[in-house]
Amino acid sequence: MREITLSQAVNEAIAEEMRRDPTVFLMGEDVAEAGTPFKVLAGLVEEFGTDRVIDTPISEPGFMGMAVGAAMTGARPIVDLMFGDFIFLIMDQLCNQAAKTHYMSGGKLTVPLVLRTNLGATRRSAAQHSQSLQALVAHIPGLKVAMPSSAYEAKGLMKTAIRDNNPVVIFEDKLMYQDKAPVPEEEYLIPFGVANVKREGRDITLIGTSSMVQVAEKAAEILAREGISAEVIDPRTIVPLDEKTLIESVKKTSRAIVIDEGHQSYGVTAEIASRLNEKAFYHLDAPVLRMGAMDVPVPFSPALEDLTVPTPEAVAEKARMLCAGEMIHAAE
Amino acid sequence: MAKAKTNTEDYLQMYRQMVRIRTFEDTANQLYLSAKMPGLTHMYSGEEAVAVGICEALRDSDHITSTHRGHGHCVAKGAEFKQMFCELLGKAEGYCRGKGGSMHIADQSHGNLGANAIVGGSMGIATGSALRAKLQGRDDVTVCFFGDGATAQGLMYEVMNMAALWKLPVIYACENNGYSEYTKTEEIAAGSITARAEAFGIEAHQVDGQDVLAVNALAAKLVARARKGEGPFFIELMTYRYHGHHVGDINREYYRSKAEEKDWRENRDPIIRFRAHLVAEGIASEEDLDALNAQIAADAAEAVAYAEAAAYPPAEEVDMHVFAA
Chain G
1 MREITLSQAV
11 NEAIAEEMRR
21 DPTVFLMGED
31 VAEAGTPFKV
41 LAGLVEEFGT
51 DRVIDTPISE
61 PGFMGMAVGA
71 AMTGARPIVD
81 LMFGDFIFLI
91 MDQLCNQAAK
101 THYMSGGKLT
111 VPLVLRTNLG
121 ATRRSAAQHS
131 QSLQALVAHI
141 PGLKVAMPSS
151 AYEAKGLMKT
161 AIRDNNPVVI
171 FEDKLMYQDK
181 APVPEEEYLI
191 PFGVANVKRE
201 GRDITLIGTS
211 SMVQVAEKAA
221 EILAREGISA
231 EVIDPRTIVP
241 LDEKTLIESV
251 KKTSRAIVID
261 EGHQSYGVTA
271 EIASRLNEKA
281 FYHLDAPVLR
291 MGAMDVPVPF
301 SPALEDLTVP
311 TPEAVAEKAR
321 MLCAGEMIHA
331 AE
Chain S
333 MAKAKTNTED
343 YLQMYRQMVR
353 IRTFEDTANQ
363 LYLSAKMPGL
373 THMYSGEEAV
383 AVGICEALRD
393 SDHITSTHRG
403 HGHCVAKGAE
413 FKQMFCELLG
423 KAEGYCRGKG
433 GSMHIADQSH
443 GNLGANAIVG
453 GSMGIATGSA
463 LRAKLQGRDD
473 VTVCFFGDGA
483 TAQGLMYEVM
493 NMAALWKLPV
503 IYACENNGYS
513 EYTKTEEIAA
523 GSITARAEAF
533 GIEAHQVDGQ
543 DVLAVNALAA
553 KLVARARKGE
563 GPFFIELMTY
573 RYHGHHVGDI
583 NREYYRSKAE
593 EKDWRENRDP
603 IIRFRAHLVA
613 EGIASEEDLD
623 ALNAQIAADA
633 AEAVAYAEAA
643 AYPPAEEVDM
653 HVFAA
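Which chain is which? The protein sequence lines are G and S, in order.
The opening residue of the first sequence carries number 1 in the working numbering; numbering runs sequentially from there.
The opening residue of the second sequence carries number 333 in the working numbering; numbering runs sequentially from there.
Heads up, a few of these hints could be off.
No more than 27 Å apart at the CA atoms, straight line, and that leaves these computed lysine-lysine pairs for DSSO-like [as the list claims (entries may be wrong)]: (1) K553(S) with K466(S); (2) K251(G) with K279(G); (3) K466(S) with K159(G); (4) K218(G) with K180(G); (5) K108(G) with K553(S); (6) K251(G) with K198(G).
If you're looking for bench data, these hints aren't it; they were derived computationally from the structure.
This one's a predicted model, so the numbers in the text were calculated from it and none came from an experiment.
Could you put the whole structure together from the sequences, leaning on the hints where they help?
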């Protein structure tokens with residue numbers, strides 16, 4: 001199978017859906033000729049023109065609000081938010097307007113839009129361009145949240161998101177844009193709420209989101225060399241969450257670590273760990289561990305920044321302790 | 333009064349709609365005072381000529397966005413009393429199945445994209461609706477209703493900028509009722525309101541919001557021009573709210589005097605003024621208009637009785653409509 005980058009995968013998904021459905025259009029800062037700073041959207045304006053690939057001023061709440069209005073009146077806008085950190089700027093339009101309109105209208109109005117943005121630290125971009133804010137969005141009923149872990153997922157999830165009749169937020173890891181993965185030439189979609197078991201194992205389940213799937217896979221390789229068999233699962237969407245696959249895995253392995261690049265406290269890892277505790281408690285041989293980013297603003301210095309995110313070695317170390325029964329009381 | 337719609341039926345329609353709004357609000361206020369309505373509501377009484385003058389220049393395929401003080405826009409855009417009262421009382425037959433309430437009534441069958449409880453929160457939605465119409469090649473116009481208080485929100489400046497850049501068919505209708513919640517507008521707004529729009533090259537007008545014909549004449553002209561791609565436009569409508577910020581805001585002399593309220597009610601009321609005009613011009617007799625008022629009062633009473641007797645949504649609807657299928 002051919003291999004393409006995550007960036008190309010996103011580009012293909014959007015182009016295919018724009019060809020398929022004339023109501024799909026793109027708007028955001030420097031999406032047209034510039035194709036975004038990450039060049040993900042390069043070439044789209046040449047094919048679809050400036051009516052459907054719309055460069056906006058640097059007015060995130062403004063164009064987010066306009067996308068909500070366009071979606072309510074029949075369009076399927078894709079909003080490009082240059083950095084995930086800018087979600088704080090659009091919170092009212094995303095969480096008070098887009099997320100609630102369908103419910104508040106008793107199901108009469110729909111807001112089929114896609115907000116594509118990014119997450120991820122270690123790009124040396126400091127505290128306002130490095131956050132992973134998926135937990136904030138996942139907390140709000142009415143928003144779906146997709147977190148692609150490779151080019152394959154990025155394409156299939158994007159196509160599903162564009163066809164969904166709800167607001168969907170897609171977080172791409174900005175460090176993965178050049179990562180290649182096998183992506184079929186022929187069309188495919190990845191349904192929401194269906195986790196992907198990336199690697200089967202029997203001793204411990206490693207649940208990772210976005211680039212943390214790679215971290216989990218690398219940790220699993222380290223553990224395999226030591227005779228520990230780790231199962232790696234990628235939920236692919238955190239809203240909706242494929243609880244069943246996660247619970248079934250934990251029932252088999254009796255141990256789990258949840259890894260996500262958002263801050264650990266009150267985060268995605270906490271939510272998933274809690275569900276496993278509630279629904280698989282009697283199958284557990286150890287507490288479910290959370291591994292998120294440190295609860296600090298992301299520091300600039302590489303010497304400090306690299307300490308804030310989960311690494312394969314750190315995951316492997318925790319997994320070893322869980323499997324050795326050293327964390328029965330989770331006290332450190 | 334200025335000239336606008338000219339035939340008798342149009343005049344009577346504007347009168348009827350203004351009286352329907354006033355009657356709806358008086359009835360809603362009674363529901364609140366008699367503790368029959370959950371929560372609070374914000375009365376539109378006094379501002380009827382604004383919503384009616386503008387909405388009578390629109391058609392169903394034109395959109396509006398509304399505010400927390402939105403009953404007037406909803407009625408003016410064509411909504412029915414029954415579904416509105418059901419919504420206010422949280423009943424299943426309400427426009428939003430009781431899930432939105434007073435501050436979120438939406439009636440998309442008549443192009444009302446909904447009231448909005450975030451001040452200024454619908455400005456993006458209105459402008460996006462106009463963008464959609466333009467991208468589709470339709471000549472539909474969107475009117476964004478908001479108050480003077482919303483001019484303090486940054487979103488307004490972002491979307492006016494884009495609307496002007498892209499010549500969108502949107503009309504920003506600023507209902508200046510003199511008060512931003514419990515504070516005089518002059519204390520929260522520096523400079524001129526219309527100059528805010530003019531800074532973006534948007535043609536702005538100020539009009540007497542108590543004169544339905546003046547509002548309608550201006551709206552009709554601007555809507556027609558917006559359909560031809562000459563938008564966006566901005567209108568500041570000078571008006572007044574008779575009640576407090578919401579129905580519970582009873583003791584309000586600390587921010588405005590009873591004498592001021594009395595003056596607006598007695599000397600500038602949009603319904604009294606228009607009624608006098610209709611009679612003076614021989615368009616309708618006092619008896620005709622009394623009969624119309626009585627019919628509307630009866631309609632409201634019937635709708636309220638219906639809503640009071642109507643069923644609440646069943647418990648299984650609580651997690652319905654979080655996501656669309």
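Hint check:
1. At most 27 Å may separate the alpha-carbon atoms for a hinted pair to count; K553(S) and K466(S) meet this at roughly 19 Å.
2. With a C-alpha separation of about 10 Å, the suggested pairing of K251(G) with K279(G) holds against the 27 Å cut-off.
3. Of the pairs offered as hints, the one joining K466(S) and K159(G) holds, with about 25 Å between alpha carbons and a cut-off of 27 Å not exceeded.
4. Taking the CA atoms of K218(G) and K180(G), the gap is about 17 Å. The hint holds against a cut of 27 Å.
5. Distance restraint check for K108(G) and K553(S): the Cα-Cα separation of roughly 32 Å exceeds the 27 Å cut-off, and the hinted pair is therefore not satisfied.
6. A hinted pair counts as satisfied when its Cα atoms are at most 27 Å apart, and K251(G) with K198(G) qualifies at roughly 17 Å.
Figure legend: structure checked against the earlier numbered hints; the only hint not met is number 5.
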